[in-house]
Amino acid sequence: MSDIARYFFTLLLSEALILGCQKAPPPPPVDTAELMPPPAPIALTPAAEARHIFDTRCAVCHGTVGKGDGPGGAVLNPKPRAFGDATWQKSVDDAHIAQTIVEGGLAVKLSAGMAPNPDLKDKPEVVAELVKIVRKFGQ
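Under our numbering, think of the first position of the sequence shown as 6, with each following residue one higher.
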C-alpha cells in the first residue's frame, strides 16, 4: 500500500471512529398525554370519604380513637372532646354533632379551636357518616 493510500485509509478510519464515538442526538420528546389519558378521579363512597376526613382532619385533635388526645389537641385549651364520654354522647343529638362538624365550635357555643368544615355543607351524606364515626366511639 502506498503512503498516500495509507494516509487516506488512516484518515477515513479516524473519521469513522470519531463519528462512531459521538453521542447520538436525543430522541424527540414524547407527549405522554397522547399515550395515556389521565386517570379518572376516584369517587369515594360517603363512608370512605368520611373516614378519610376523620383520619386527616379530626384525628389531628380528637385522636385516632376519639379520646381527644391527638397531637394538635395538646396545645388547645379547652382540650378536644373525648367522643367516648357516655355523658356527653347522651347529651347531644346527631344534628348538634353535624352542625359542629360543618359550622365549627363557635356556631354551637363551643371553642373556636373546633374549626368549621364549610366544604362539607353540601355533603350531608358525608357529614352523616362522620356523625356515625363519632357515635361509634361512645359504644
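These are computed hints drawn from the structure, not numbers from a lab.
Keep in mind the model is a prediction, meaning the values are calculated, not measured.
Mixed in with the good hints there might be a few duds.
[What the hints assert, rightly or not] The calculated lysine to aspartate or glutamate pairs, modelled on EDC-like cross-linking and capped at a C-alpha distance of 16 angstroms, are:
{"id": "1", "residue 1": "LYS141", "residue 2": "ASP99"}
{"id": "2", "residue 1": "LYS126", "residue 2": "GLU54"}
{"id": "3", "residue 1": "LYS141", "residue 2": "ASP90"}
{"id": "4", "residue 1": "LYS84", "residue 2": "ASP74"}
{"id": "5", "residue 1": "LYS141", "residue 2": "ASP127"}
{"id": "6", "residue 1": "LYS137", "residue 2": "ASP99"}
{"id": "7", "residue 1": "LYS72", "residue 2": "ASP60"}
{"id": "8", "residue 1": "LYS137", "residue 2": "ASP74"}
{"id": "9", "residue 1": "LYS141", "residue 2": "ASP60"}
{"id": "10", "residue 1": "LYS141", "residue 2": "GLU108"}
{"id": "11", "residue 1": "LYS128", "residue 2": "GLU108"}
{"id": "12", "residue 1": "LYS72", "residue 2": "ASP90"}
{"id": "13", "residue 1": "LYS137", "residue 2": "ASP98"}
{"id": "14", "residue 1": "LYS128", "residue 2": "GLU54"}
{"id": "15", "residue 1": "LYS137", "residue 2": "ASP60"}
Status of the hints after comparison with the structure:
1. LYS141 with ASP99: Between LYS141 and ASP99 the Cα gap is close to 12 angstroms, so the pair holds against 16 angstroms.
2. LYS126 with GLU54: Distance ~14 angstroms between LYS126 and GLU54 Cα, so the pair holds.
3. LYS141 with ASP90: holds, 11 angstroms
4. LYS84 with ASP74: holds, 8 angstroms
5. LYS141 with ASP127: violated, 23 angstroms
6. LYS137 with ASP99: holds, 9 angstroms
7. LYS72 with ASP60: holds, 13 angstroms
8. LYS137 with ASP74: violated, 20 angstroms
9. LYS141 with ASP60: At roughly 15 angstroms apart (the allowed maximum being 16 angstroms), ASP60 and LYS141 satisfy the hint.
10. LYS141 with GLU108: Distance of about 22 angstroms is beyond 16 angstroms: violated.
11. LYS128 with GLU108: holds, 13 angstroms
12. LYS72 with ASP90: Holds - the C-alpha atoms of ASP90 and LYS72 are around 9 angstroms apart, at most 16 angstroms.
13. LYS137 with ASP98: Given that 16 angstroms is the threshold and the Cα spacing comes to 12 angstroms, the pair holds.
14. LYS128 with GLU54: This hinted pair holds, its Cα atoms lying about 10 angstroms apart.
15. LYS137 with ASP60: holds, 14 angstroms
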